[in-house]
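Engineer: FYI, in the working numbering the residues of the sequence shown are 1 to 370.
Certain hints may be false.
What the hints assert, rightly or not - Result set (DSS-like, lysine-lysine): computed pairs, CA atoms no more than 30 Å apart in a straight line:
id : residue 1 : residue 2
1  : Lys160    : Lys82
2  : Lys284    : Lys258
3  : Lys160    : Lys214
4  : Lys28     : Lys90
5  : Lys337    : Lys132
6  : Lys138    : Lys160
Since the hints were made in silico from the structure, they are not lab data.
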Amino acid sequence: MKTVYLDSAATTLVKPPQVAKAVGRAIKRFASPGRGGYEESVKAADVVFECRQRAADLFCVDEPEKIVFTMNATHGLNIAIKSLCSQGDKVVVSGYEHNAVMRPLHAVGADIVVAESPLFDKQAAVRAFEDKIGEGTKVVVCTHVSNVFGFELPVYEIAKVCQRHRIPLIIDASQSAGTHQINAAQLNASFIAMPGHKGLYGPQGTGILICSDKAKTLIEGGTGSESRKITMPFFLPDRLEAGTHNVAGIAGLNEGLKFVENNTVSAILDHERKLISHIVSSIKDNKAVRLFTSIEPESGVLSMVFEGVDCETAAQMMAEQGIAVRAGLHCAPLAHKTAGTIEHGTVRVSVSAMTSVKEVNGFISFVNKL
1 MKTVYLDSAA TTLVKPPQVA KAVGRAIKRF ASPGRGGYEE SVKAADVVFE CRQRAADLFC
61 VDEPEKIVFT MNATHGLNIA IKSLCSQGDK VVVSGYEHNA VMRPLHAVGA DIVVAESPLF
121 DKQAAVRAFE DKIGEGTKVV VCTHVSNVFG FELPVYEIAK VCQRHRIPLI IDASQSAGTH
181 QINAAQLNAS FIAMPGHKGL YGPQGTGILI CSDKAKTLIE GGTGSESRKI TMPFFLPDRL
241 EAGTHNVAGI AGLNEGLKFV ENNTVSAILD HERKLISHIV SSIKDNKAVR LFTSIEPESG
301 VLSMVFEGVD CETAAQMMAE QGIAVRAGLH CAPLAHKTAG TIEHGTVRVS VSAMTSVKEV
361 NGFISFVNKL
């Protein structure tokens, strides 16, 4: 039985075939970049640079050196938060942050202030940040799209608020990279973190951090540059890329970025929104299902709860029928607290450019039977 995969907000399992081919080719043919003048090392360096340049072009970054490769978005967010935040610092966050933001902030001892706003209310979100950003605020952290509810927060307006107050901004683009327009030049954020394995269609274990010169090292080690020095190189990206690169992963990520580039971010988002709209219109009259959606879906993510069936049970029933969704709190208890679903969580459906109408219809049919 072929799985109907509807958990792309966790990982886009179904990827363009050239991604796996690039990973396999890199494993067989590429050595460590920047560690030698022989062909296998040079080829590795070439693909790493190509991926860096492609990401810079896609996200409107003026210098490719500001693209730093990470293990995932969590890795990047830890670099960003621990570069800007210290114990006792007032940090304002949205009411939809993932634990990849909340746990590092807690670990450094930040004074976390939540800019609470109702679900799918963009104007209220901006007002909440304007109200909470006041004297003593050191940093603002905001997710671009909620990984639970698919709510697109107005990050460009929030960025303008931060610029007026001259406060550094960190953006978690885990659910928006590859589907929503990210213009780093316009946002002027200190850091923008994203995974490679979701909307960018790369392998797991890859990520990108768009960063400023304020970045501090999270780990130290060899870089193949300035090896005489006991300290890490000051310049990017070497300062943050200690050790051997995940060359195979970056090669795959390069192909994933190429797929997004060729298909365009706007077309991918349009496809995902149409699929979510189809689900909503097909089950909105089912009184046993409560959907969390705006009038027009803002992303490829949709949460729901079922009358009389807890979320974990519902997801397990779907899994037994070959339908892959995610249930629970989705590593984002703050988002559930904001939306009033903290006690039971939700069942989350998330699609990608590779999801078909036929797959979505199979899910709709099962939900209406359930």
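Engineer: Each hint should be assessed against the structure and marked as holding or not.
Structural biologist: Right, here's what the structure says about each hint:
1. Lys160 to Lys82: holds (23 Å)
2. Lys284 to Lys258: At roughly 36 Å apart (the allowed maximum being 30 Å), Lys258 and Lys284 break the hint.
3. Lys160 to Lys214: holds (20 Å)
4. Lys28 to Lys90: violated (49 Å)
5. Lys337 to Lys132: Since the Cα atoms of Lys337 and Lys132 sit roughly 18 Å apart, the hinted pair holds (cutoff 30 Å).
6. Lys138 to Lys160: holds (16 Å)
The structure fails to meet hints 2 and 4 from the earlier list, while all remaining hints are met.
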